[in-house]
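Protein chains: 6
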Amino acid sequence: MKNVLTFGEMMLRLKPSANNRIVQSNSFEASYGGAEANVAVSLALQGDSATYLTKFPDNLLGDTALGTLRKYGVNTDQILRGGPRLGIYFFEKGASVRGTTVVYDRAGSSLAVSKSSEYDWKNIFSGIDYFYFSGITPAISKELQTAVLEACQYCKNNNIQVVCDMNYRGKMWTPEEAQSFSKKVMPFVNICLVHDEDFEASLGIKSFDGDMSRGIEQKDSFKKAMKQVSELYPNCHTVASVLRNIYSVEDSKWSALMIRDGEFYESPVYQVHVYEGVAGGDAFGAGLMHGFLNDFKGQEQVNYAIAASVLKLTIGGDLNLVSESEIRDVMKKDSATAMKR
Amino acid sequence: MKNVLTFGEMMLRLKPSANNRIVQSNSFEASYGGAEANVAVSLALQGDSATYLTKFPDNLLGDTALGTLRKYGVNTDQILRGGPRLGIYFFEKGASVRGTTVVYDRAGSSLAVSKSSEYDWKNIFSGIDYFYFSGITPAISKELQTAVLEACQYCKNNNIQVVCDMNYRGKMWTPEEAQSFSKKVMPFVNICLVHDEDFEASLGIKSFDGDMSRGIEQKDSFKKAMKQVSELYPNCHTVASVLRNIYSVEDSKWSALMIRDGEFYESPVYQVHVYEGVAGGDAFGAGLMHGFLNDFKGQEQVNYAIAASVLKLTIGGDLNLVSESEIRDVMKKDSATAMKR
Amino acid sequence: MKNVLTFGEMMLRLKPSANNRIVQSNSFEASYGGAEANVAVSLALQGDSATYLTKFPDNLLGDTALGTLRKYGVNTDQILRGGPRLGIYFFEKGASVRGTTVVYDRAGSSLAVSKSSEYDWKNIFSGIDYFYFSGITPAISKELQTAVLEACQYCKNNNIQVVCDMNYRGKMWTPEEAQSFSKKVMPFVNICLVHDEDFEASLGIKSFDGDMSRGIEQKDSFKKAMKQVSELYPNCHTVASVLRNIYSVEDSKWSALMIRDGEFYESPVYQVHVYEGVAGGDAFGAGLMHGFLNDFKGQEQVNYAIAASVLKLTIGGDLNLVSESEIRDVMKKDSATAMKR
Amino acid sequence: MKNVLTFGEMMLRLKPSANNRIVQSNSFEASYGGAEANVAVSLALQGDSATYLTKFPDNLLGDTALGTLRKYGVNTDQILRGGPRLGIYFFEKGASVRGTTVVYDRAGSSLAVSKSSEYDWKNIFSGIDYFYFSGITPAISKELQTAVLEACQYCKNNNIQVVCDMNYRGKMWTPEEAQSFSKKVMPFVNICLVHDEDFEASLGIKSFDGDMSRGIEQKDSFKKAMKQVSELYPNCHTVASVLRNIYSVEDSKWSALMIRDGEFYESPVYQVHVYEGVAGGDAFGAGLMHGFLNDFKGQEQVNYAIAASVLKLTIGGDLNLVSESEIRDVMKKDSATAMKR
Amino acid sequence: MKNVLTFGEMMLRLKPSANNRIVQSNSFEASYGGAEANVAVSLALQGDSATYLTKFPDNLLGDTALGTLRKYGVNTDQILRGGPRLGIYFFEKGASVRGTTVVYDRAGSSLAVSKSSEYDWKNIFSGIDYFYFSGITPAISKELQTAVLEACQYCKNNNIQVVCDMNYRGKMWTPEEAQSFSKKVMPFVNICLVHDEDFEASLGIKSFDGDMSRGIEQKDSFKKAMKQVSELYPNCHTVASVLRNIYSVEDSKWSALMIRDGEFYESPVYQVHVYEGVAGGDAFGAGLMHGFLNDFKGQEQVNYAIAASVLKLTIGGDLNLVSESEIRDVMKKDSATAMKR
Amino acid sequence: MKNVLTFGEMMLRLKPSANNRIVQSNSFEASYGGAEANVAVSLALQGDSATYLTKFPDNLLGDTALGTLRKYGVNTDQILRGGPRLGIYFFEKGASVRGTTVVYDRAGSSLAVSKSSEYDWKNIFSGIDYFYFSGITPAISKELQTAVLEACQYCKNNNIQVVCDMNYRGKMWTPEEAQSFSKKVMPFVNICLVHDEDFEASLGIKSFDGDMSRGIEQKDSFKKAMKQVSELYPNCHTVASVLRNIYSVEDSKWSALMIRDGEFYESPVYQVHVYEGVAGGDAFGAGLMHGFLNDFKGQEQVNYAIAASVLKLTIGGDLNLVSESEIRDVMKKDSATAMKR
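Chains as they are written, first to last, in full-length UniProt numbering: chain A, 1 to 341; chain B, 1 to 341; chain C, 1 to 341; chain D, 1 to 341; chain E, 1 to 341; chain F, 1 to 341.
In isolation and in its complexed conformation, chain A is listed as follows (with noise of 0.2 Å):
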């Protein structure tokens, strides 16, 4: 069995319960998060052998968060405790006209105040056949740019795959430092994940105009920037997008496309009545993973990886917890109709 490591922050995420605004709430719902973790978590749940790594602190917060890893089969022997907290995030979830707002309250965690020589990456990557990171993780610190750049070095020199997926955040650092190093970080990726705006946040390249409302009439855009991804970086054998219509909270269309040792791939369209459009894209990865790991081929794993996404969205929380029947149950025509008893 291939091993993935994936490597990142996972945070307490409090949603006011009850769809509430902060304001009119006195509870929160609490579930723990971040971008690699739900990647590492929906492989482990789709029986792929998955190790996190991250920072936590040594409170009961950190045992929490261990734990919530733990239960769903994630392999957490790498983990680091220690420093000062676990960061959190607000989620507001919107309605309709009104979007979801994001809080973050992340600055000064336990993995944002780490060194970069705490990690001890020969160690780390034994028996490991896939590093996962996404542009969050740089994002966080100087030091963890560090991290990661080293730790890619390493996958290098020991034949292990790098996976980033670029998802870019506005709120975290400016394009031009993500730019600067996706510079750097690029010439290593093996596989690159890249949406929406992270094209041109991320990398510098025009992929459409913007517009999220209609992702998905823009495919030609999209597909001539992903090709100019594998071209700028003869190592990224892969490239996939996913490509969204969204109309509003709950309504949107998604769709994906794969560009893999030359070919393109498209999957088809869903339509979906979202619950929590948050996830998706970290979902989508562990699909394509997934689908490395088991060697699809490369119209079966766009699909199934599409599919992994939607149903991401039919879901509270971060994490994707649905197995692989779930998901090719999705792929067949008629699913939602299916009860069955």
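Honestly, I wouldn't trust all of these hints.
No copy labels: a pair is met if it fits in one copy or bridges any two.
Said to hold, decoys possible - Using 25 Å as the maximum straight-line C-alpha spacing, the simulated DMTMM-like pairs for lysine to aspartate or glutamate come out as follows: (1) LYS332 / GLU197; (2) LYS171 / GLU324; (3) LYS332 / ASP209; (4) LYS171 / GLU326; (5) LYS297 / GLU92; (6) LYS171 / ASP58; (7) LYS332 / GLU200; (8) LYS332 / ASP211; (9) LYS223 / ASP261; (10) LYS227 / GLU326; (11) LYS253 / ASP211; (12) LYS183 / GLU150; (13) LYS332 / GLU92.
Keep in mind the hints are simulated off the structure, nothing from the lab.
Put chains B, C, D, E and F on the given structure of chain A with help from the hints.
The following block gives chains B, C, D, E and F in isolation, referenced to the frame of chain A:
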């Protein structure tokens, strides 16, 4: 006033709170339901006289199930007490492309292990005009098949109308078993409800191509199948069927057909935003029975029944907690617009 | 900074939790609201100066209603305390074809039994520029009709603008009573909000055919009716109206018209997935007032007001808990797509 | 089987969830209760035949109150429907040194504004053996005083036993009013419950020094007062009284005295950790009545009644949701230790 | 590090929320527990290596039970999957004089219907030093009695210590059955936990007079009975017993005795305000095992075990969610006073 | 009316719902509190004029904290907005022998990183008579130490009374740091609150033997220590101290001592069943200040303050949500017995 007796199993239903999946939930919403109990409650709330027959364990859960029936006005005098346990089912509501998941935990229930000899039909049917059961009851055990057939024989001898909702459950028996039982029971049935895949699974009659996303488009196949039922079983003066287009867990269209005394009736088509897609058929059955009990004409009857059915889809739990006047509101144009204040 | 005083009744609102019907619920979500209080809170949250006038009982419920207003920045210095009780209303949210049910329990409230002599208008109106009330206030009691008329007379004498949202409530008075009062009060009104059936019920003017599922299609009838109002009452320099197509409890389209100083303004049309279809008109009124208080041009004013209105429909409770910048986000294209993080 | 009719007001009870004060709560737990309804439910759950008489509004709240009674097996056939509203009371549970706060909102209820002429006693009392009411019912309105007196007269003429729990409520009437009514009704009363300050407030008889923290220490004064009652009203063959030491909201001791047919009975003293200190007197009354209905000897009767009473203090809501066998468990030594499994 | 394997049944536990009785509750708090699972979780949280053996159904409930164990660090590699269902138990917490009510719904569970041949002891016991089970496991089925005896025989042959907590359950088997099994298993047992009525019910040894309200007062009888056990079964080097005075559901005193290698040890007595009086014995067992695994001296071991036990009584659910350092805090004077901040 | 300004940090408090530990909870109850904010709210609710000074981030959490203060009547005009985040603390309520656990997550808050130069004392103190802060404020940062000292100097120059509650927090600074700061600030302090270990940790004065389970027994040591404070700092005309016996998380006794203008006052001792053992000292401080603001005599003042304090222990959250009349109820004998209805 005419009296209906319904016979079947009422279970404790456990639904993860706040749209969670079971694995992420630490609380369940508890309610009580089961096809024939749902029908009895609907009738009582619509002002009819309904008696429910089942067997409940003599413990706190049996007491609560019984109290629930009483709360909504059902006559519970015939209910047997004793036996090992109350059946349970876990209801994990789906969303969008993720179908609803039902985990049955009903084996070994007090009803399931009851003996046919425990049912003293002469006493039970005293004063009863209609006997209503669904295909779930005989699917529970051989003893209950015997009990149902004995009850039907008693009804035939005593001019009590027999009503059967075929209600095929693939997790409980095979099509072969269902059809074998149907052959025995259908000669007694005067009013038959049969929807979707029930035609084929329970009666061995091909009604439609099995695609629940476009049942309404296949009205003609359904009509043909319904006609076939009424010809095969001449005692069966009424055959009714719900037709559905199901686009996703939330989105569907509902309509109904009825053949009564040789004449076809067709309801309007409702576009429904589904809150819980469960027990719509039972609500339809109760609506139909309300029509018989109150001498509705055929067209009014089928229109009323389908309105009752779509109203159920807006309510949590298995019970259709509405009055006749609320059903009639739906039958009027613009009911949803009218927040009366 | 200009100051607005609003005058009316704030009630305890009790809504069954978790989308239950009242009969199946054993808990209620509690909030506080009422047309004019909603307007005052909206204005305060948008940065305007708003004072609310009412009478609350001198008990724990009155304290809590008052604290709620204070929390959101409303000036509560003029509120009277005493009398028997706080009005209550039960709000059972509908779904799809099942309309929302409101059970009023407001009779005998402290405001309802207050005397017109308790309102010392000279003191109350000190420093006030706008007096805002809705048709609900005079519908509560004869004494409040007297109070409103005395207040209007005071405003006229002191150059305070009078704003009235007709807000007809069929459970509180008859069209005859409403129209008889309107004849007395309209000569004082400078700004008149009048929606849907209000034209006919409150003013005796036929605006549309009464079908709320297609108000937007009847824009021309509305325009004619609005013109008629402004011609009948020359002091009334502004008439504004919300137009709606309501397809189901969740689905509707919202738009607005305004005639101001003889010129017509027409807002864009919003497609809305409604979370709670209540207090949208109050949010519109507050948006309109915000325009007057901040010297918006007519087109900006009506666009802003309708955006405020549709934003309200996404929020639980009666209060439009949004800031000016959040309203402006809705006015931009694609607001819902932007989860900023 | 003997039949009891109880007559009084059942209200919606709203209790802030999670031990909150009203001002900090945004949800209320809803239940239904009222002295005489509590007694009827207790009796039904103990296997007796109990009918409840009241008037409920014809709305969703009236339906729910009625369904609650039905759920627990109370006969609701005599309940009148109509009138303005269901009474409400807010229950803010205290803790330790902070007393429980009750905010009544019961004025103008359907029962409160009912006319004595609405009660057709001949029909209502058909088949009834005991008529049970508390001092709360006549405290509600003059009409209800008339109704109660007419009912008592009917009982006297028809050999129906009259039971009155004095239940003085200082927020509803004055001692003068209560005593003036008592003078009229006591000659009809056969069984009289009178606790704590009721002796003085309702009957003008000094029973103890008013210090509820040491009622049990004043047993002798109570005995004297009880004797006085039975001498003043020779028809009154039984007088029973609960004695309490109340140390804090959670901590108290409960005991009971009864004089029946001239003989005194004294129950054991229970040390109780109180969960909700409400309706303990009603539970006592129901326990006492259960004794009369099932021919308990005096000592068993008073022991049973006080055990029922302290059991109530462990249960949330106004209703004593226990069976006879659970009451008998308390009467045994060590009941609390026995978690049977 | 030494390894412990525990073997038994973990069930879904359903507890009415907010201290409700089952009949008044419409939601349940869900957790997972069972004697031997509780021990495994305790050990893992105290830093020991614990493996749990059971059989879970291959459905969403089995997944969740398994995830719960994993979350707390238990090794789940040996757990069998398949079979009909997960056992359930309803837990209605008592209060004061009202005892806690447990409704078992565990018949027909996957473990209960498992065959002894499914347990491959050689593989299961690889690397294991201690085998821990309670008397509940053999009470479930004859097959499990066989399985336990085969396991014990394997342990004897392979120098694995056998630990048995007698844990008599009167709802599962009779004293005769329990004693008959004990005769077979006790010769294998090296460490025996036996509390309260277990001496008599499981071993046929009279330990005390059966009055759980004064177990601590009967220390000497317990000592005698413990001595008797160790003399009857010479392989049994350690016998430990919890002694309790139980005054009410909330109030009790806890203490412990141990005879180890012929010497008696006696813990301090704790006065406890009980939050949930369940699984205290399992916490004690885990504390004792922690002592063996970490070479505690006898006195430290029994002090530690009783502190673990009383800590459990302060936590909801069956699992003792505490660390070694939290247990040591209790062993210090004044732990409760120290809110560290 | 005299005006009090309090200065400190208000945090979001997150408490696992339903008595869960953090690791088993998936929701948190949210409230807002902090020593000096608690005092300001208490004063406002008791009818005094209180202004609160702090710095809140300009986000939804800052808005909500501010709204909470406003709700309870605190003047928020001086509050600064901006900076990175709102401090958070997790509050895991203990039970019995398990102490309450507080996890601070307050580093880097908007207040913590504010500069002393941001506080324009002249403007802030306009109209203020009393300046109230606790030892927590200077423990947050060096800048806040400077700010506090500058404020004290301003007060001295302008005849504003300075009140300090020593409130030592061992997780925030060391005794050495605290004492070093105390040396600088105490010469300015006119009213000093100092409890338990504060004497030693903050002032270097030995008050008692450190055993919080018997503070009340050591009254004489406390008196000596208080006297010492008032002699060391002659400006300090009042020293007050709460004395406690803490038996468990729920059980304690509370009492108070005050030396004012050279005279000792001693309150009664209250036995308290504690609901939440937090902010009792702040409630005491507010009670004391209420006495100064309303010219209470010494004995009334200390009696009132301790009653306010024990009342707080019965309420969830940090805020003492009570009125003066509710405090006076506690001062009377038998308050808990009186459920007024």
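Against the structure, the hints come out as follows:
1. For the identical chains of this complex, LYS332 and GLU197 are inter-copy neighbours only, at 18 Å across copies versus 30 Å inside a copy, given an alpha-carbon limit of 25 Å.
2. With identical chains, the CA atoms of LYS171 and GLU324 are at most 25 Å apart between copies only, with a shortest distance of 22 Å across copies and 34 Å within one.
3. In this assembly of identical chains, the alpha carbons of LYS332 and ASP209 lie at most 25 Å apart only when taken from different copies (16 Å versus 33 Å within one copy).
4. For a Cα distance limit of 25 Å, the shortest separation of LYS171 from GLU326 across copies, 18 Å, qualifies, whereas the shortest one inside one copy, 34 Å, does not.
5. Taking CA atoms no more than 25 Å apart as the test, LYS297 paired with GLU92 passes in neither setting, with 39 Å inside one copy and 33 Å between copies.
6. Proximity of LYS171 to ASP58 under the C-alpha cut-off of 25 Å is restricted to the inter-copy arrangement: shortest distance 15 Å between copies versus 27 Å within a copy.
7. Proximity of LYS332 to GLU200 under the C-alpha cut-off of 25 Å is restricted to the inter-copy arrangement: shortest distance 22 Å between copies versus 34 Å within a copy.
8. Only between protomers do LYS332 and ASP211 lie at most 25 Å apart by alpha-carbon distance; the minimum there is 12 Å, versus 30 Å within a single protomer.
9. In the homo-oligomer, the alpha carbons of LYS223 and ASP261 lie at most 25 Å apart inside one protomer (14 Å), although the nearest pairing across protomers, at 53 Å, exceeds that limit.
10. Taking identical chains as interchangeable, the C-alpha atoms of LYS227 and GLU326 are never at most 25 Å apart, the minima being 32 Å within one chain and 38 Å between chains.
11. Taking the closest pair of Cα atoms, LYS253 and ASP211 come within 25 Å of each other both inside a single copy (14 Å) and across two copies (22 Å).
12. Within a single copy, LYS183 and GLU150 get their C-alpha atoms as close as 15 Å, which meets the 25 Å cut-off; across copies the closest is 51 Å, which misses it.
13. For a Cα distance limit of 25 Å, the shortest separation of LYS332 from GLU92 across copies, 20 Å, qualifies, whereas the shortest one inside one copy, 33 Å, does not.
Going down the numbered hints, you'll see the structure goes against 5, 10, while the others check out.
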